[in-house]
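Residue numbers (UniProt numbering), protein chains in the order written: chain A, 1 to 606; chain B, 1 to 219.
No lab work stands behind these hints, which were simulated from the structure alone.
Beta carbons: idealized from backbone N, C-alpha and C, even for Gly.
Each hint should be verified, as a subset may be incorrect.
[To be verified] A partial selection of chain B residues facing chain A, derived with a Cβ cut-off under 7 Å: (1) L66; (2) P68; (3) H185; (4) L188; (5) L199.
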Amino acid sequence: MEVAEVSKFLAQTIPFDQLSSAQQADTALQLSVYYCQEGEAVDISKEQLLIVRTGIYALYSDKQQLLTKLEEGDFYGYQLLLTGLADADQLICEEDGLLYWLPAAEFHQLRYQYKNIDIFFQRLFGRRLHQYKEQQGSRFTLKVSDVVQARKVAISGEHTVQQAAQLMTEKRVSSLLVEQEGRLTGIVTDRDLRTRVLAIDLPAATPVQQIMTPKPHTIDKHAYIFEAVQLMSRFNVHHLPVMDNDSSFGMITATDIIRSQQDHPVYLIGEIHRQTTVDGLEQCSLQIANLAQVLGKQQVPAHEAGHIITTITDALTQRLIKLAQVELGPAPCVFTWLCFGSQARMDQSINADQDNALLLEREPTAHIADYFSALADFVCQGLARCGITLCPGNIMASNPELRLSLKGWSGKFAKWIASPTPEAILKASIFFDMRAVEGSKGLFNALQHDILARTNNALFLFHLAQSTLQRTAPLSFLRNFILEHDGKQKKGIDLKKRGISLITDIVRIYALAQGISEVNTRQRLQQLALLGAIDSKETQNLSDAFDVLAQLRWDKHIHDLNQGHDASNLLDPNILSGLQRHQLKDSFAVINNAQSSIKHRFCKEV
Amino acid sequence: MFAWLKKKPALYDDVKRFNAITAPALSTPARTCRYLAIDLETTGLHARQDHIVSIGWVPIVDQQILLPQAQHFLIKPPVSVGQSAIYHGVHDKDLKDASELSEVLQLLLQEFSGHYFIAHHCRLDRAFLELAFQRYFGKVPKMHFIDTLNIEWYRMQKQGIVMKKDALRLPNCLARYKLPVSAQHHALEDAYSCALLYLAQLKKSHAEITIADLLVQSR
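Generate coordinates for the entire structure from the input sequences, incorporating the hints supplied.
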């Protein structure tokens, strides 16, 4: 007779839950049961199916790489049963528990008898292969430093153009850095030698500094390649000096980039900057979903993908502003196009909406007001056509309340900080993550400086912390799903509301308390760790948790896109692998810990 | 007229055969032995007045519970199950498929010689079994019992843990090892639970623990 406790478990375990109760009882009768102790290596050499009843087991590859963690309801041994080939894996018990073993004969009989069971284990096997591939796969996104060799070819400004030409020939390069006492002063390319020397018949003894391009645009060695592409397209140049801090490191050319990644999807950015009509931009934007899928296929990590998607939104915005100015004429005063929220933090995904505003040099009166009203409408409507939907909360430059002078904005922020009403706090979570997309950087810096001088205000931080603490991470999601309903969607964990934004909120509070000007969550965490504002272990944990959640959300979005759905933040925990479930649980635990730190730090004295 | 006299020696032989294959020596490492976890449901607490209602058992070989050989028998009662039916969930009408106690005991003798027996609070089960063997076979086989309750008590004492009143009840013992808890007062479920508890106790002992050590702990 079968043990009811065992057959009851099978009845709740995929794929056995699909069997009749008689068949479940029958299967329960075939098992043997083993108690495993922490630290014990499970014997997985025999041809039988392992079913995890309780406990946690870590699966390592032969290279001692952690592949996954097995938990209640997980399986092992199906690969050997299905293929006859044993893996050189190791399964180590991490937490005492019970294992069930199903003998090979019974496993195969179930497979032959029930198609669903067969399909289930075939799929599991497929996924496992994928897991291995994922571990080995190389990351695709390159950085500038990956492409440029540290082979700097430089000349000083007093040398003659002839010497420059000789050096270029000798080193077989098409451009030179021009330096004065170790500082970059300009560049000279072979095109310069042609157009600025030969064509106008200057003597070979002309000094380089007379014909060089002074103060060239530069790119940081650690920037992504696509950022270099963006700079080149925007300013129509083909050479960018690569900087390592303040000194030059080398030169990156358009040819370098093309050679390094001929099929890189972010050429889209270059294309955006070439468009002359909103229709053209709309056409470009249709490629974003495709691009996201390519990024997904290439397993670009979520934070890089977020960076790329944001850069595209930025490019669209910048181009739309240019096009608006073609139509409306030059701006009557200096301005800055601001963005907030995820765009500001550079972690946009494909379902983001617009959050933007205008910062003006002068008070928006009369013709200035009219001009920027028209510009904002043009850009916001243009962005909407490009798939970046209008903000339901009307946080857009097209809203006249969000087209203010420095004084206007400064007053607005000062009011939110001084009297933190629930509404002001809600706004804080959006507006305090702010970045300049286009226009005057100086104007923006002035505003940010002004705001950050005020934010270390105990009462304000107290209320900000309070509102952050109102939402918690769904720690016990595995046992009893704490799920939310979302009108048209199925149940699941909201990765954004119950995960990512909780971390963003926590990190923002610390950043505002410290007056840190970074808005990207990872960068804020780095800064906070440098300043010692949070201990380095906690910053590391938060950063890891943020990556895990962002990755899950990004994967979910890609999955949704592939299925032809709208990208949704709701995740069904049932589709996760053991390792992912683990990471998710760990991440939620990190959030809860961080929340209690916040409580101690900011919520006691007021 | 003398048919009962002829039958008796055959049964008596079963006991002799059982005794002929002795369980491994006391110095044997406990992890290598074969066990049978057993549980009885009875109509009461007194072996002389009450009856066995059901018997459940699960063998352990190589530290693995072998569910294919798990058994559960309803025992035909000599009288109505009566009052304690509520307690065990066994009713007279369920007893259609019930077995003769003598047949079940015979099976046990035939299949589990050379095993050590495990029970949670074995005193009671043992008393009922011994009386039944005496009654049907004229002889009590040499069965060595290991008591998971006593082992648990011994270990908690040794660790200086203050025990609550029902700390040693089977479900509470299982919970301490984070083992799944079955429905109670079903002979097979309880035998299985007892086997789980024993596997855990065995793992929590040092690797070379012998039968003798365990018998000392389960006194």
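(message) Flag every earlier hint the structure violates by its number, smallest first.
(response) 3
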